[in-house]
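A.B. asks: Given next are the chains, with one letter for each unit.
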Amino acid sequence: MSTMVQAVRMALHVGEDRLGVTDIFGEDVGAPLGGVFTATQGLKTTWNSPLDERGLIGTAIGLALAGQTPVAEIQFCDYAFNTIDLLKLAGGMAWSSGGDWNCPLVVMTPVGSGIHGSIYHSHSFDAQATRIPGWKVVMPSTPRDAYGLMLSAIVDPNPVMVLIPKALMRVKHAAGEEIPGEPDERTLSKMIDAPIGDRSQWVPQWPATPDLFIPFGKARMVREGEHVTVVCYGRMVRECTAAAEILAPEGISVEVIDLRSLHPYDWPMLTASIRKTGRVLYVNEDTEITNFGEHLIRRTVDELFYELQAPPKLLAGAHLPGIGLADNLEKASVPQRDGIVDALRALARHEP
Amino acid sequence: MQTATAAIPSSTSKRELPKETLLQMHSLMLRARLLEERLIRMQKQGDGYFWIGGPGEEAFNIPFGMLVHKGQGPEFDYLHLHYRSNAVALAMGADPVDFMRQMKNTASDPFSRGRNFAGHPSIRKWNLVPVSSPIEVQYAMAPGTAIANKRAGGKGISIVTGGDAGTAEGEFASCMIWSTRPGNELPVLMVVTNNQFGISTPAATQHGEQRISDRGKAFGMRTATIDGQDPEYVYFQLQEVMEYVRRERKPFLLEVMVSRLYGHSSSSGANFVGDEFDCLPAFEKKLEERGYLARKDADDMRAAITQEYLEAAKRVREEAMPPQEDAFTHVFEETNHVAWKKGN
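Listed in order, the protein sequences are those of chains G and D. Just so we're aligned: the first sequence equals residues 1 to 352 in this note's numbering. Just so we're aligned: the second sequence equals residues 1 to 344 in this note's numbering.
Calculated directly from the structure, the hints in this document are not laboratory data. Take the hints with a grain of salt, since some may be wrong.
Unchecked claim - Rough simulated footprint, nothing fancy, chain G against chain D, three-plus residues with beta-carbon under 8 Å:
| id | stretch |
| --- | --- |
| 1 | 130–137 |
| 2 | 162–174 |
| 3 | 322–331 |
Claimed, not checked - Below are the DSS-like pairs computed for lysine-lysine, each with C-alpha atoms no more than 25 Å apart in a straight line:
| id | chain 1 | residue 1 | chain 2 | residue 2 |
| --- | --- | --- | --- | --- |
| 4 | D | Lys250 | D | Lys150 |
| 5 | D | Lys19 | D | Lys296 |
| 6 | D | Lys125 | G | Lys88 |
| 7 | G | Lys218 | G | Lys276 |
| 8 | G | Lys190 | G | Lys44 |
| 9 | D | Lys150 | G | Lys44 |
None of these values were measured; they are calculated from a predicted model. Quick reminder that beta carbons are idealized off the backbone N, C-alpha and C, glycines included.
Next up, chain D with everything else stripped away, as it sits in the complex:
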């Protein structure tokens, strides 16, 4: 059986990022991984009901978050993410403690006030649209924000991410169709993070297409499938793709091969999967070889962040839960928070 990873361009980057950028990337990847591992522990210890997240996707998510044109309103990027994208928000500057608050469903959870699962952030000040559990619906929304991006001028684009299994849903096709209407092409970056599984079902048993990205070709879209395991390589690839979408105001379909290091979610145990490629030690090895990072420093960082997150989780445990009457707030809004005028 042909695997979907066959003949993907090598992830070896000929170009190099500055040391500071690489170390920042490493720090963010480590933080993202340790945050997910903390969230998993919180769930297993009873400080939350369900875990889902993106450990194994950091080498894609961190460069992605670093490259976002961050801000509010259609002059900036809109993010239509899925539930493996905490690292994107973290790289944009989100407070890791807020993800623990969502896990613990406290009243202080700024993403949903204790209403939604972990891994479902919402950050309006950065155009990060509420992550929702239904698969692929975000692909139907991206053309709408992209129309606004195009109208606003500037370089803002709409970036939508989802997994490989979800591309079977109709909204994946909707996004391609609505983004490529002749004369009305839209600045949408469609990303598929391909971990080759839909919960327990291997993609190869359900999908006949050789490459998911090939589907974009029928719409005249530029497409690529890349290895998502080396953040330096991903950074350059993503930068180029984003620049294309920003400049041409046309869509791009990018398929990124990633790992799923703790399975689908807590419903499948959330245990480490040993036979998947792990981007983090591989990146640390690369940094060591370049002389940018000493093993001991990496270990010390890991220990310090682990401790920091452990203490934060303990504090979150003490935060107030939403009272029952809070369930009835925000069904309807009295004011239009999303109203936007050029210049505000």
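In isolation and in its complexed conformation, chain G is listed as follows:
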């Protein structure tokens, strides 16, 4: 029974063991720490890099172009903003060369708020990432999806960004959503979590987990409903699911869709759901101006206008320079469960 960070680690192990991953690198990614969130503990191909995000992405591009299979970690997405120039180049490598080259690399980075991370450990990156053509962008909300999306990222011939909600790193999966082959929680921890103290002689025992590829462009139906659709991803999936449970006794049936693959995204599933409910709320943590949810609203209006029973809504982070450290400041800055409940209720009760 894994946590998300253990699931990422197991996926990276499969990557280097069976899928050709050559380099898992970044700041503090190698031994002894194995990443500030422990996502890279015990792996064979990890190495520590200089504290230089532009160098990191540049080196990952170089490795990819030379036929290696790199997974680069930006320690917090808050520090990826100075790499956008290089991310654009990676995304444009195939297109700019008319298909002469491709650039198969994976960048993984923790995103979002929810751990009292203050101004520079709480940023979101989905609005930025989805604005860079040529990248596939995913954000899991469960350990199983983190595992399966990471495997798909590793074998994809294009650059893929795996955004990992840092508040969900230690969250365990729900019953029935195990990764096949993983043992119980205690056993798994003994097998793959590095011991406290001296780790120099420690060798992890990897459970036999399968090549479970979760395809890009396929959303996850978390909860079926009749009256209103909520489309979310990452940490917001738990909040939206909880909101749906709160509203059920009121007779409001909420359909919860975890987009999980932001680009490409599962427009067929969204279309079917919105046609059914006629009402849609998009929820994410990133700042609200030029937000990815705005794109989804635009497409909803463009293509489904006459099937809507209410104006589509977006609940996103406030357009502020950062998430303030104090609890009240964070609550005021990113969508909260109460706000999602209110927004869904208003949408469900909206009279055309």
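Model the placement of chain D on the given structure of chain G, informed by the hints.
C.D. replies: Below, chain D without anything else, positioned relative to chain G:
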């Protein structure tokens, strides 16, 4: 004010290359120059939107292209070039007409299918990484290909070039740092072609360092600043530097003093700059003095190539432009073209 050219080792080469090599070099330099001049004319005549290139750097670029360990995959050299490097590709055997196709942005442009400016080649079969317009980003990528070079064994290295002004960007420092990690030194040849200008801004007004190459010394790198105006001298210097990087699997920072004969780009007029040193007539004079080349033969060659390129440009003008729907191809690739396994 101290000029950056002060006290550079003399370009007089005591060693001599065989006549055939020198004549091949001359032919390539002449072709590279006339190609750039053709591209400039194409742009001025409306057969292209923008010109940028490297006339004035031939005495460096041609020996460079001749010395590349050419091939595909990490057993061969990776080239991270900038937009003054057409002559390098030409010396490696690229078809000059392809550069005209890129100028004219035709569908047949093999470097970018009409997407990128002239002077931005991409040749995967020779490990020539797509040239991009942002300054210095290529220096961040070179350590990555160099890791693969080192792993592959063999003698392949990663060679990265850029101008002097671009060394102000962070990636220049990134390249030195990532190439000199203790115990993980990388076979990267960092080249700075120093023409002493960033568009209109003289380097001496922005850079306090006496020599750009000196920056490598802080990282324990071997460094040199050389005169890049005599291709014979450059050939021997570059050969020695490349052999060091190939053999030692360690980086080298080479600064090469060059000219910028037609200004920055078409945005600054692309007119001949009379007061810059021109390596081509100087080399022709040297060949004449050695009795390898007669003036008339050089003039005839120039006339013949000029005519050849004029006719090629006329043909390129008639080639199809990419249709609108072509803009949507190659955003994502379905197959991994760069996948590499030893032996393939």
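A.B. asks: Does each hint fit the structure? Answer for all of them.
C.D. replies: Okay, the hints, checked on the actual structure:
1. Against chain G, the stretch 130–137 of chain D contributes 4 residues with a C-beta closer than 8 Å to a partner C-beta. That satisfies the three-residue criterion, and the hint holds.
2. Figure legend: the stretch 162–174 of chain D, annotated as covered by chain G; annotation consistent (3 residues with Cβ-Cβ distances under 8 Å, at least 3 required).
3. Chain G is given as covering the stretch 322–331 of chain D, and this holds because 3 residues of the stretch bring a CB closer than 8 Å to a CB of that chain, at least three being needed.
4. Pair hint D/Lys250 plus D/Lys150 holds up; C-alpha atoms about 10 Å apart against a cutoff of 25 Å.
5. Restraint check for D/Lys19 and D/Lys296: the C-alpha separation of about 18 Å stays at or below 25 Å, so the hint holds.
6. For the hint linking D/Lys125 to G/Lys88, the alpha-carbon distance of about 23 Å falls within 25 Å, and the restraint holds.
7. For the proposed pair G/Lys218 and G/Lys276, the alpha carbon gap of about 19 Å is at most 25 Å, so the pair holds.
8. A hinted pair counts as satisfied when its Cα atoms are at most 25 Å apart, and G/Lys190 with G/Lys44 qualifies at roughly 18 Å.
9. Proximity of D/Lys150 to G/Lys44 is assessed by CA-CA distance (about 18 Å); at most 25 Å being required, the pair is judged to hold.
The structure fails none of the hints (numbered hints given earlier).
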